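This is what each chain is made of:
Number of protein chains: 2
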Amino acid sequence: MRLLVEPKFDLYVDVITDEAKKCKDVIQLQWGELASVPPDRVKNFFVEAFERRLTRYTLPHGDLELRRVLRKKLADKNGIRADVDNIIVTIGGTAAINFVFRILAGDGGYIVIQDPSWFGYPGIARYVGARIYRIPENEYSYESLENAKKEIEKKGGTLRIIVMNYPSNPTGHVFDVSTMKEVVEFARDHDVLILSDEAYEDYVFAGKHISIASIGGLDNIVSVFTISKTYSFTGLRIGYAVGPKEIIDAMALAQVHTYISPPSINQYVARRLLEENIAKEIVKENIKLLKENLRIVKEFTEKNGWEISEPKGGIYAFIRLPGIDSVEFSLKLLRYEKVAVAPGADFGDCWKDWLRITIAKSKSELLEGLRRIEKQYNLTTCTKPRG
Amino acid sequence: MRLLVEPKFDLYVDVITDEAKKCKDVIQLQWGELASVPPDRVKNFFVEAFERRLTRYTLPHGDLELRRVLRKKLADKNGIRADVDNIIVTIGGTAAINFVFRILAGDGGYIVIQDPSWFGYPGIARYVGARIYRIPENEYSYESLENAKKEIEKKGGTLRIIVMNYPSNPTGHVFDVSTMKEVVEFARDHDVLILSDEAYEDYVFAGKHISIASIGGLDNIVSVFTISKTYSFTGLRIGYAVGPKEIIDAMALAQVHTYISPPSINQYVARRLLEENIAKEIVKENIKLLKENLRIVKEFTEKNGWEISEPKGGIYAFIRLPGIDSVEFSLKLLRYEKVAVAPGADFGDCWKDWLRITIAKSKSELLEGLRRIEKQYNLTTCTKPRG
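Residue numbers (the numbering used here), protein chains in the order written: chain A, 3 to 389; chain B, 3 to 389.
Excised from the complex, chain A in its bound form:
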């Protein structure tokens, strides 16, 4: 039988992760899950949900009470004014991104993404039948988008979506307000949707996270958020999106055709996490750790003359080790030094001598990981054979 989806993972970071499973005591810097865990009393929320017998399907848009709480959160924290009808609850932010790509660009339409960019976007785009066009993330502007549009049209394509991910994965890039205004203007002028992926909204190192929809309104913007990152709870699989009612309704249909609705109990737990402001306890500690870890990484990169794309937020550091081939280096690093990292090649063609490492680990683990990276780098650049 001919399969329309290749039955193998096509990211180098997956190869690294698979290999890492075969070794013991690997320092895993390749994924970005926060080291902290949700506080113990969160288990009571599950019990509450069960005792209320929330054991059935919810509405296709998600539980109404959760959406009411989300409306308040979006207004208070993000400055996004929305009705519950503008909000959908999904299985993590990923499902929301998948649905938007499918609904607006699933016929071969083009999606602009940042370069470098989370490796999930190209995979999701390909899966739903959309195409990708990359713009350097610090070059987003009315003009660069206009040029992208022209380039896309030369190829016979149509620009449908502009993705903005801030703080970004992998670099921690954030967009300034004037760039946001230009993108909003471009999107309005050319009837294009902005997909604002704000998964790391709580991990901004200086100042306050600004949501583009607080500037541009809901008309051309779907903003995606998640419980996963804020609450160190990726396993809960609850995300949400806010946007124009028509698109949110289409996403609800996509959701019904994909998995009916998100799990009921998890939606209740998400509501309680928000109501009890559990984030407050978690985020502050995490930011402190992230900042300290970032300082450690910067010391290392400086000492070694490595480049770093200095993150303004997020949970990663994206660093350049001159002269390496990121895939080859990452494999050797794992083999000889037992450190797993994400090769830059996964983030776009221009990043072949870059590595992404998470800074959401304990200080000691990160420090040891960096020491081993340094060791492997020195051996590699000395071209001394080893093993």
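Some hints could be false.
Which copy is meant is left open, so a pair is good if it fits within one copy or across any two.
[Said to hold, decoys possible] Cross-link-like lysine to any residue pairs, in silico, SDA-like; alpha carbons within 20 Å at most:
no. : residue 1 : residue 2
1   : Lys247    : Asp16
2   : Lys10     : Pro62
3   : Lys45     : Leu56
4   : Lys314    : Asn140
5   : Lys365    : Val39
6   : Lys247    : Pro9
7   : Lys340    : Ala22
8   : Lys365    : Val17
I should point out that these hints are in silico values taken from the structure, not numbers from a laboratory. These numbers were taken from a predicted model, which means no experiment stands behind them.
Starting from the known structure of chain A, arrange chain B on it as the hints suggest.
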């Protein structure tokens, strides 16, 4: 912006449900959720999961320990011998169906479904870019499939998947072993996949549920099961599929591109439900109720001269009220008698004077619902104006 997914629900049963929300005290026979609830101690499973800090992403194929338990369940209960690599955990059975449709027929390929058939299939097929061909469910055979294949090829299409849903929604049809053998032979001869949807495996009224993969093996068969129906726990959103490794691997990739992985805690709860054999407590009671309710429905249909497609399992009765238009009748029934049913028109073009009602309600509620259907029917067929 042009949306590639229409932002509205296109099923009559959704219209009925929306209308039903506006009235008080409606007897809701339109959906099939079992009246029972999971036993109280299931809440402890959630606490256990949390205390074990199962708060992270799981593997793309789903938690390994759950898959080990599923392997045993599939061997013991379904007679399906599989390795853990042949098993994937998904968000309900629906996600598994969506992924199989996408992977094998997402390029406009054809899927044979039963007539009448669960209204989810055409919607999912359309969403992923596949097409539907219907065969009367009691006419599945090597010959009818060969004819279907020829008809599809005449239209320039290719047959990729044969769906078998047993006990079926809406009729409770089950396939006999000789039919299964013919379908398996056809699938092998023509390199077609059988998608065996066994969501209602536990609700068979006479004899034992037989899984087609216990006859045909794994080569051309993906079998889909769910925790939702067996455990009266649709809100848990955990299903699973077993099939050829290559297809299961492609489904894992589809899963990563759609929502990364199913929720971790829910997977643990599913495992505990299976380990503790909670089904035993629930299913027996439910089958007793379903059989008693079926007897009540049959008395009613007999008395009124209505046809019934006698279910051999499942949680529905599919009945024909001669002369009605199912959509018009269902709307009137809701408006005047406050009973919600699923119009036959949702299940295929041939079922316009049929209704699907759930038999998974309390006896008294079902009985009152039937009385009101009878009343409305008598008024409708007398063409006496009303209201």
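Cross-check of the supplied hints:
For the identical chains of this complex, Lys247 and Asp16 are inter-copy neighbours only, at 18 Å across copies versus 37 Å inside a copy, given an alpha-carbon limit of 20 Å. In this homomeric assembly, Lys10 and Pro62 come within 20 Å of each other (Cα to Cα) only across copies, at 11 Å, whereas the closest approach inside a single copy is 31 Å. Proximity of Lys45 to Leu56 under the C-alpha cut-off of 20 Å is found in both arrangements, the shortest distances being 15 Å within a copy and 11 Å between copies. For the homomeric pair Lys314 and Asn140, the shortest alpha-carbon distance inside one copy (13 Å) is at most 20 Å, but the shortest distance between copies (63 Å) is not.
Within a single copy, Lys365 and Val39 get their C-alpha atoms as close as 16 Å, which meets the 20 Å cut-off; across copies the closest is 47 Å, which misses it. Proximity of Lys247 to Pro9 under the C-alpha cut-off of 20 Å is restricted to the inter-copy arrangement: shortest distance 9 Å between copies versus 36 Å within a copy. With identical chains, the CA atoms of Lys340 and Ala22 are at most 20 Å apart within one copy only, with a shortest distance of 8 Å there and 60 Å across copies. In this assembly of identical chains, the alpha carbons of Lys365 and Val17 never lie at most 20 Å apart, being 26 Å within a copy and 56 Å across copies at closest.
Hint 8 alone, counting from the list given before, is not met by this structure.
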